[in-house]
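There are 2 protein chains.
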Amino acid sequence: MRPVAVVGIGKTAFGAFPDRDLRSLAVEAVTNALQDANVPAPEVHAFYLGNFAGPSFVGQNHLAPYIGSAAGFERIPCTRFEDACASSGSAFFHAWLSVSAGIYDCVVAAGVEKMTSQSTPRVTEILAGAGDMASEGRAGATFPALFGMIARRHMHQFGTTREQLAAVAVKNHGNGAKNPLAHMKKVITLEQALAGKPIAEPLTVYDCSLISDGAAAVVLVPLERARDLNPKYARVLAVAQTSDHVALDSKADITEFPAVKAAGEKAYEMARLGPQQIELAELHDCFTIAEIIASEDLGFVGKGEGGPFAQAGCTAIGGRIPINTSGGLKSKGHPVGATGVGQICDVVMQLRGEAGERQVARHRIGLAQNLGGSGATCVVSILEAA
Amino acid sequence: MRPVAVVGIGKTAFGAFPDRDLRSLAVEAVTNALQDANVPAPEVHAFYLGNFAGPSFVGQNHLAPYIGSAAGFERIPCTRFEDACASSGSAFFHAWLSVSAGIYDCVVAAGVEKMTSQSTPRVTEILAGAGDMASEGRAGATFPALFGMIARRHMHQFGTTREQLAAVAVKNHGNGAKNPLAHMKKVITLEQALAGKPIAEPLTVYDCSLISDGAAAVVLVPLERARDLNPKYARVLAVAQTSDHVALDSKADITEFPAVKAAGEKAYEMARLGPQQIELAELHDCFTIAEIIASEDLGFVGKGEGGPFAQAGCTAIGGRIPINTSGGLKSKGHPVGATGVGQICDVVMQLRGEAGERQVARHRIGLAQNLGGSGATCVVSILEAA
Chain R
259 MRPVAVVGIG
269 KTAFGAFPDR
279 DLRSLAVEAV
289 TNALQDANVP
299 APEVHAFYLG
309 NFAGPSFVGQ
319 NHLAPYIGSA
329 AGFERIPCTR
339 FEDACASSGS
349 AFFHAWLSVS
359 AGIYDCVVAA
369 GVEKMTSQST
379 PRVTEILAGA
389 GDMASEGRAG
399 ATFPALFGMI
409 ARRHMHQFGT
419 TREQLAAVAV
429 KNHGNGAKNP
439 LAHMKKVITL
449 EQALAGKPIA
459 EPLTVYDCSL
469 ISDGAAAVVL
479 VPLERARDLN
489 PKYARVLAVA
499 QTSDHVALDS
509 KADITEFPAV
519 KAAGEKAYEM
529 ARLGPQQIEL
539 AELHDCFTIA
549 EIIASEDLGF
559 VGKGEGGPFA
569 QAGCTAIGGR
579 IPINTSGGLK
589 SKGHPVGATG
599 VGQICDVVMQ
609 LRGEAGERQV
619 ARHRIGLAQN
629 LGGSGATCVV
639 SILEAA
Chain P
259 MRPVAVVGIG
269 KTAFGAFPDR
279 DLRSLAVEAV
289 TNALQDANVP
299 APEVHAFYLG
309 NFAGPSFVGQ
319 NHLAPYIGSA
329 AGFERIPCTR
339 FEDACASSGS
349 AFFHAWLSVS
359 AGIYDCVVAA
369 GVEKMTSQST
379 PRVTEILAGA
389 GDMASEGRAG
399 ATFPALFGMI
409 ARRHMHQFGT
419 TREQLAAVAV
429 KNHGNGAKNP
439 LAHMKKVITL
449 EQALAGKPIA
459 EPLTVYDCSL
469 ISDGAAAVVL
479 VPLERARDLN
489 PKYARVLAVA
499 QTSDHVALDS
509 KADITEFPAV
519 KAAGEKAYEM
529 ARLGPQQIEL
539 AELHDCFTIA
549 EIIASEDLGF
559 VGKGEGGPFA
569 QAGCTAIGGR
579 IPINTSGGLK
589 SKGHPVGATG
599 VGQICDVVMQ
609 LRGEAGERQV
619 ARHRIGLAQN
629 LGGSGATCVV
639 SILEAA
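Chains R and P, in that order, give the protein sequences. Residue 259 is where the first sequence starts when you use this note's numbering, and the numbers rise one by one after that. Residue 259 is where the second sequence starts when you use this note's numbering, and the numbers rise one by one after that.
It cannot be assumed that every hint is accurate.
Said to hold, decoys possible - Calculated Cβ distances over 12 Å to all of chain P for the following chain R residues:
# : residue
1 : 296
2 : 323
3 : 511
Claimed, not checked - Straight-line distance between alpha carbons at most 20 Å, and here's what the computed EDC-like set of lysine to aspartate or glutamate pairs gives:
# : chain 1 : residue 1 : chain 2 : residue 2
4 : R       : 524       : P       : 332
5 : P       : 509       : R       : 332
6 : P       : 524       : R       : 612
7 : P       : 524       : R       : 301
In short, the hints are calculated from the structure, not lab data. All C-beta atoms, glycine included, are put in the ideal place defined by N, C-alpha and C.
Between the sequences and the hints, there should be enough to build the whole structure, so can you do that?
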């Protein structure tokens, strides 16, 4: 296995774009990433596309060659990866593997989703397909309901409070408000977050991520080629993908995700470092409680300490470990299939020192964590500045 | 890259199974393949699952960990691959790459689809998502319509006849009737085939593949480990995946598929042999015309000669190159996501000499060709008997 670098990143804005189709969003992200990498499309050896539910959201399947051919790829393997909300995390994992193993010398990993053409109830139904429809779905358990149960149990077991959940929302909204590409640029107060409309108690609307359209792409090459292409490359220290049961009731303890812990451990081992060396992170805050649990499962804090840690400002820009400086899924937006690669782009922007108002002081090593469903898939990536 | 072998195969019957759910079909195939390979589930390093449209057919997404966890896989990467009707061909390609590149020492590639719970019009609509919905779909062009146009053009350009298309149907129905796992075990005459109900002229119901439920799985290991696990292993000489535009109107000539030609050329080069060395083949006969065109694009015959070749019996069991001894998608059935890996299983059965009544005399080298949409994805694999 040889070292690999991200030499190009490209993102569309995340938001609701009624006038844009899925393909044009994806092509924009891929084109931007190729331009950033100084790589022309015909030099790409394989295309890895993450998409959760294009067929359900916009009626279009077979998306990899559909987008790949429009982006200028000819005859190369174009493949769609689906692992729920970790779809493009998985695409990134396989893309990285292929370059690291010496199969290809230049690949593109991308993700896209167009969700806003469907009504919110229909979106909720489509998202429920990432859970176990035969048990959870049949019982009417949507994802807010599942994460509501998780939050309730975390509160019961560790004394996590509504204020601590709300602190995550306030932070991520504040960060997103400074991100030009974020879906919702709206600063909120703790009072507002606490008074949010209930969605699935104890979660309010401010605990839930957004329904968004958007795309993201990265270009991967062997490290030895990176400097010549783009001096602002980022080195990929580790990528780990893991799995678990899909149904929540198959889990021994719903306040932690074994797939996240396993992916974190694998990634730390591969990168030869520990959570204390991570200087910034993009965590999968599909719900505020998910960010808290991820900060525990990845070892940034001890089990049950995620709530107080967030409330104390330790995860804010300027805190001990800034989490979701992009605004996270909560405020940047969560076009499901684009989220995993989008997180990689956000980490790389920080590593490059290009995060503008949101730039963190220590930005040598960053981590991205992409979660599928209620923890059945996890992809953890660790990157280092050039 | 190191040589790789298929050490285990597992298939469910293909058919309409109202009492079976998608997961139980997939788990049956995976379990059978692991048993055949003498590999316990915990020794598998990664799971590659092909599925075209589980969310649309049965409302279940996130299928890779959903099935993987039920099959006994723990924490390993479980990923769904989607490339229309070539979904599990693509899963097989990536699985083979991973073992060949030395990333993993034991992986499972599988495919599954459960289609018959939807009405035929709804199935047709879901399948149309493998074409370009913004152009073809909007114009009402279903896949039978697209392949009807392809057939008409092939007739116009090369003099291909209705009798030649029907000859493919008669052969595949005859083969399928001898395949215990085939969906439709029904011998038909040329007269019946010619008098079939029109679906999209010139194609009748006998020119179209079936709507089926089913699953298939294979176990891949490095060649050096194969003999110890299962002396009936098959060596993978080549796998190539290619792509093209999705919309038919982007193609210069609709009587050939550049992605198929390119995949064939790559595979032959990798395997260091030519079409004349192939002793049997499973080709993607989603429509009879597709088998004829594939036999041309892969170089078994010259351009435009596929029709007469089939009519002369050259592709029958006992002919110059037996094609679709399994019965093909036409008669064995076409559970879309299962088809690619199913073809690999069928080729391996022939290489092992285990095809019963359908066994061909020369069975040292076999080829499988899996097509996505109207040629936007193609996977060609070449295997050799132990």
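Hints, verified against the model:
1. 296: At roughly 24 Å from the nearest Cβ of chain P, residue 296(R) sits farther out than 12 Å, so the non-interface label holds.
2. 323: 4 Å, violated
3. 511: 16 Å, holds
4. 524(R) with 332(P): Since the Cα atoms of residue 524(R) and residue 332(P) sit roughly 14 Å apart, the hinted pair holds (cutoff 20 Å).
5. 509(P) with 332(R): 13 Å, holds
6. 524(P) with 612(R): This hinted pair is violated, its Cα atoms lying about 42 Å apart.
7. 524(P) with 301(R): At roughly 17 Å apart (the allowed maximum being 20 Å), residue 301(R) and residue 524(P) satisfy the hint.
Hint check: violations occur at hints 2, 6; the rest are consistent with the structure.
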